[in-house]
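Participant: Sequence:
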Amino acid sequence: MSQFSHLVDYEWSETDSFYKIYPKKGEVWAMYKNWKHIWKSCDYNCHQCQVVEVLSDISEGTEMKITSLGEVDCCNTFFQRQYCDGFELIRTIPKREMLSFSHQIPCFNVPGIESYGIPEGSLHLEPDALPSILVV
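In the numbering used here, the protein residues as written are 1137 to 1272.
One or more of the hints may lead you astray.
[What the hints assert, rightly or not] Here are the simulated lysine to aspartate or glutamate pairs, DMTMM-like style, with alpha carbons at most 20 Å apart: (1) Lys1231 with Glu1256; (2) Lys1201 with Glu1163; (3) Lys1160 with Glu1233.
[To be verified] DEER-style ranges, computed between Cβ atoms: (4) Val1246 with Glu1147: 43 to 51 Å; (5) His1239 with Gly1206: 15 to 23 Å; (6) Leu1266 with Lys1160: 15 to 23 Å; (7) Lys1201 with Tyr1155: 19 to 27 Å; (8) Gly1206 with Pro1247: 31 to 39 Å; (9) Leu1191 with Glu1147: 19 to 27 Å; (10) Glu1150 with Glu1262: 30 to 38 Å; (11) Trp1175 with Asp1145: 33 to 41 Å; (12) Ser1251 with Tyr1155: 36 to 44 Å; (13) Phe1244 with Asp1152: 29 to 37 Å; (14) Gly1206 with His1183: 14 to 22 Å; (15) Glu1199 with Tyr1219: 20 to 28 Å; (16) Asp1221 with Gly1253: 41 to 49 Å.
Just so you know, these hints were derived from the structure itself, not from any lab. A virtual CB, placed ideally from N, CA and C, is assigned to each residue, including glycine.
Whole structure, please, built from the sequences with the hints as guidance.
Facilitator: Encoded structure:
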């Protein structure tokens, strides 16, 4: 994590004296696979992550929607939304599961990538921010 840096939006909690960083609509995040609320801090180091795109904000509600992103074949820094039988795989995350998010992954749209065999709409993810143990 010391190899990259980017700005994040946060909320300051006056009552609890800490910063709240919530995933926001349009951002890409690493998310712990099979996360459980009973995890201790050491549990986070050895578990696999998946890459997700946030489809809705949680700041005003009690849940958010995400979709899984999968690696584009032969392009380990390009990811695209996952579909099953033509349907996008969307999951609802309740506010109580916010600790299942690991970290934000900066991403970029690259114009003209389809001429290189990369599907249009794929996102280029910052390589240094990709999880070391990734579920694909």
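Participant: Going through the numbered hints above, which ones does this structure break? Give me the numbers in ascending order.
Facilitator: Numbers 1, 4, 8, 11, 16 - these are the hints that the structure violates, sorted from lowest upward.
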